[in-house]
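Visitor: The residues making up each chain are set out below.
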Amino acid sequence: MIKVDHLTVNFGPSVAVRDVSFSVAQGESFGLVGESGSGKSTILRTVMGLNPDWSGSIKIDGQDTKSTSRTDLARRVQMVFQDPYASLHPRYVIGHAIAEPMRINKMPNPEKRTLELLDLIGLGGQFRFRFPHELSGGQRQRVAIARALALNPKILLLDEPTSALDVSIQAEILNLLNQLRKELNLTFVIVSHDLAVISYMCDRLMVMRNAEAVETLSRSQLRSRDIAQSYTRELIAAS
Amino acid sequence: MSDNLVEIEDLRIAFPREGGMTDAVRGVSLSLGREKLGIVGESGSGKSLTGRALLGVLPSYARVSVDKMMFDGIDLTTASPKLRRSLRGGRMGMILQDPKFSLNPVMRVGLQIVEAIRIGDKKLPKREAYSQALAILEAVHIRDPERVFSLYPHELSGGMGQRVMIAMMVVREPDLLIADEPTSALDVTVQTQVLSILDELVTRRGMGLIFISHDLRLVSRFCDRVIVMYAGQIVETIRADRLNEATHPYTRGLLACLPTIDGPLDPLPVLQRQASWLEARP
Numbered sequence: 001m002i003k004v005d006h007l008t009v010n011f012g013p014s015v016a017v018r019d020v021s022f023s024v025a026q027g028e029s030f031g032l033v034g035e036s037g038s039g040k041s042t043i044l045r046t047v048m049g050l051n052p053d054w055s056g057s058i059k060i061d062g063q064d065t066k067s068t069s070r071t072d073l074a075r076r077v078q079m080v081f082q083d084p085y086a087s088l089h090p091r092y093v094i095g096h097a098i099a100e101p102m103r104i105n106k107m108p109n110p111e112k113r114t115l116e117l118l119d120l121i122g123l124g125g126q127f128r129f130r131f132p133h134e135l136s137g138g139q140r141q142r143v144a145i146a147r148a149l150a151l152n153p154k155i156l157l158l159d160e161p162t163s164a165l166d167v168s169i170q171a172e173i174l175n176l177l178n179q180l181r182k183e184l185n186l187t188f189v190i191v192s193h194d195l196a197v198i199s200y201m202c203d204r205l206m207v208m209r210n211a212e213a214v215e216t217l218s219r220s221q222l223r224s225r226d227i228a229q230s231y232t233r234e235l236i237a238a239s
Numbered sequence: 001m002s003d004n005l006v007e008i009e010d011l012r013i014a015f016p017r018e019g020g021m022t023d024a025v026r027g028v029s030l031s032l033g034r035e036k037l038g039i040v041g042e043s044g045s046g047k048s049l050t051g052r053a054l055l056g057v058l059p060s061y062a063r064v065s066v067d068k069m070m071f072d073g074i075d076l077t078t079a080s081p082k083l084r085r086s087l088r089g090g091r092m093g094m095i096l097q098d099p100k101f102s103l104n105p106v107m108r109v110g111l112q113i114v115e116a117i118r119i120g121d122k123k124l125p126k127r128e129a130y131s132q133a134l135a136i137l138e139a140v141h142i143r144d145p146e147r148v149f150s151l152y153p154h155e156l157s158g159g160m161g162q163r164v165m166i167a168m169m170v171v172r173e174p175d176l177l178i179a180d181e182p183t184s185a186l187d188v189t190v191q192t193q194v195l196s197i198l199d200e201l202v203t204r205r206g207m208g209l210i211f212i213s214h215d216l217r218l219v220s221r222f223c224d225r226v227i228v229m230y231a232g233q234i235v236e237t238i239r240a241d242r243l244n245e246a247t248h249p250y251t252r253g254l255l256a257c258l259p260t261i262d263g264p265l266d267p268l269p270v271l272q273r274q275a276s277w278l279e280a281r282p
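Heads up: the sequence lines are chains A and B, in that order.
Start counting the first sequence at 1; every next residue gets the next number (my numbering).
Start counting the second sequence at 1; every next residue gets the next number (my numbering).
Treat the hints as calculated values from the structure; they're not laboratory data.
Heads up, some of the hints might be wrong.
Said to hold, decoys possible - Partial selection, computed: residues in chain A whose CB lies under 8 Å from chain B:
id : residue
1  : Met-1
2  : Glu-35
3  : Val-197
4  : Ser-199
5  : Tyr-200
6  : Leu-235
Stated by the list, open to error - Listed next, with one range per pair, are the computed distances between beta-carbon atoms:
id : chain 1 : residue 1 : chain 2 : residue 2 : range
7  : A       : Gln-221   : B       : Asp-241   : 31 to 37 Å
8  : B       : Asp-241   : A       : Asp-226   : 48 to 54 Å
9  : A       : Glu-100   : B       : Ile-74    : 53 to 59 Å
10 : B       : Val-64    : A       : Glu-134   : 53 to 59 Å
11 : A       : Glu-100   : B       : Ser-131   : 53 to 59 Å
12 : A       : Ser-55    : B       : Arg-205   : 49 to 55 Å
13 : A       : Phe-129   : B       : Arg-205   : 50 to 56 Å
14 : B       : Glu-200   : A       : Gly-37    : 23 to 29 Å
15 : A       : Asp-203   : B       : Glu-200   : 53 to 59 Å
16 : A       : Gln-63    : B       : Ser-157   : 45 to 51 Å
17 : A       : Ala-25    : B       : Ser-157   : 34 to 40 Å
18 : B       : Arg-85    : A       : Glu-215   : 52 to 58 Å
19 : A       : Glu-215   : B       : Glu-200   : 28 to 34 Å
As the list claims (entries may be wrong) - Reference excerpt, derived from the structure (chain A facing chain B, CB under 7 Å, subset only):
id : residue
20 : Asp-166
21 : Glu-172
22 : Asn-175
23 : Leu-195
24 : Ser-218
The beta-carbon is built from N, C-alpha and C at its ideal position, and this holds for glycine as well.
Throw the hints in and build the complete structure from the sequences for me.
Guide: See the structure below:
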C-alpha cells in the first residue's frame, strides 16, 4: 500500500531523514516512534507531499507520489495533525471545515456526507454549526478525523493524534481510530513518542533516532523484547 | 501540625461568566510538608488554579475565597501584595509547562538566570551572580554551561529549555516549588532526566514540591503522595506506592484507560463519568 525507498529529506544544509525505507501493507497499522527531531513527523509530511526537497521514492498503491496530482493524492491519503487547537480554522463552523475537502474535490452532496461523518465519529449532526472554540480538545480531534475521512481515503497518516489530549480522552480517540480502521478497512501510519500507544495501536513499528531508522519490529517482537538495538531498550525502559 | 510548609483549607475559585459565576475550584483543602505531592486530574479539574492561588498569580477577575492559606507560618490571606511579591521567586518558585513560552525570547538564557538571582539579592556583585548562574546550570546537568549561558531560548531543545527554567527557579533555593506539567512537552527519555534532576534538587535542598500533572503513572513513580482532583474537588488522596489500591472510580478509571506496552489489545476502558462525583463530599 505504501512503499518508501531510500527516502532522504533535507532542510537546507541539515538532513532531517537519512536513507529510510519501509513498506506498509493494505489494512496494516504501522508506527513510527522516536524522540523529537528524529524525523518521524517529517516522513509523514513528505508522504503527504508537504515537503518539497526530498529524494528516494514514495509509492502509494504502486503509484509514485511525484507523478500524482495533489487532488489525486489527497483522495488516497489524508493526515490528522497533533494539535487540534491549531489544525481547525477558527472562524469556520465545523460543518464547513469537514465539507471543505469535498467541495474542493467537487464531490456530490457534501452536506449529507458531513452529517454521516459527524455520526461516524460520534459527535452527531447537531454539532455542525459549532465553532472550534466551542469544543473540547477531544471533540476537536474527532472533527479533524472526520475531515480527514471526508474524501474516503484508504490511508490515514496520524501525527501524534493524542499527545495534546488528556489520558482519559486519549483512550476514547484511540478506540475510535481502531473502530474506524476496522469498519472502513483503513491503513494507518501513526507517529508517536509514546511506545505504549504504538504497541497498543500498531502491528509493526519502526524506531527512529537522529534522522535514521534504528530498527523495525513487529508488535510481538516488541512484546517479547526480541530487540536488537540498545536504543530501543532505552526507550522501553523510559516509558 | 505547625511544621507543615503549606496549609490550605476550603479554597474556592470562581470565574464570572455570562449569567453568573462558574466554580472552578470547589473547596480544596490540603497540607504539604517537605515532601513531593502530586496533583492529578484532567484539564479543567482545577489543579493548576490551586497552584496559582498559592502563588497569588490568579487573574484579577477570579473570585477567590479561602478559610485558611498558610505558607511556612505566613498567613497568605492577609499578606500584603508586597510581601507576596517578595515570596514569589524567592521562597516559592513555579515551573511552567512549556519553556518556549515561558522564557524571554530575546534575552540570553544565562542573563535571565542572572536577572533572577539579582532580583533576589540586589547587592550581589555581577561577577558573583554570573558564577552562581553557571554553577546552577551545571547542577541541572547541562554539559557545557558556558556555551548554553549565551544561547537564546530558540536555540535550545525542549529538554534543555526546561532545565534552564528549573535552574532559574531553584537558584534562589525556594522552600516550595510548584511544577505545573513540567515534563508534558518533553520526550520520554528527556522526561526521565528532568524528573531525576528535580528529584535530586528537592531531596538535597529539602524543598516541598507540588507536582501538577495529568499523568497518573508518572506522578505515582515520582511523588510521595498523590491528590486526585475532579471538577474542582479532591476525590481521593493516596500514597503514591498504594496507587493500585485506589478506591475512587475516577482514579481507577484514569489508571485503566492508559495503554501499556504489554497490555491487552481490547478496546481501552473509557471513563464513565458519574454525576455523583460532582456532589460535595465531607
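Visitor: Take the hints in turn and mark each one as holding or not.
Guide: We went through each hint and held it up to the structure:
no. : hint                              : in the structure
1   : Met-1                             : 21 Å, violated
2   : Glu-35                            : 4 Å, holds
3   : Val-197                           : 6 Å, holds
4   : Ser-199                           : 4 Å, holds
5   : Tyr-200                           : 4 Å, holds
6   : Leu-235                           : 7 Å, holds
7   : A:Gln-221 - B:Asp-241: 31 to 37 Å : 32 Å, holds
8   : B:Asp-241 - A:Asp-226: 48 to 54 Å : 32 Å, violated
9   : A:Glu-100 - B:Ile-74: 53 to 59 Å  : 56 Å, holds
10  : B:Val-64 - A:Glu-134: 53 to 59 Å  : 27 Å, violated
11  : A:Glu-100 - B:Ser-131: 53 to 59 Å : 58 Å, holds
12  : A:Ser-55 - B:Arg-205: 49 to 55 Å  : 52 Å, holds
13  : A:Phe-129 - B:Arg-205: 50 to 56 Å : 54 Å, holds
14  : B:Glu-200 - A:Gly-37: 23 to 29 Å  : 26 Å, holds
15  : A:Asp-203 - B:Glu-200: 53 to 59 Å : 40 Å, violated
16  : A:Gln-63 - B:Ser-157: 45 to 51 Å  : 38 Å, violated
17  : A:Ala-25 - B:Ser-157: 34 to 40 Å  : 35 Å, holds
18  : B:Arg-85 - A:Glu-215: 52 to 58 Å  : 54 Å, holds
19  : A:Glu-215 - B:Glu-200: 28 to 34 Å : 33 Å, holds
20  : Asp-166                           : 4 Å, holds
21  : Glu-172                           : 5 Å, holds
22  : Asn-175                           : 5 Å, holds
23  : Leu-195                           : 6 Å, holds
24  : Ser-218                           : 13 Å, violated
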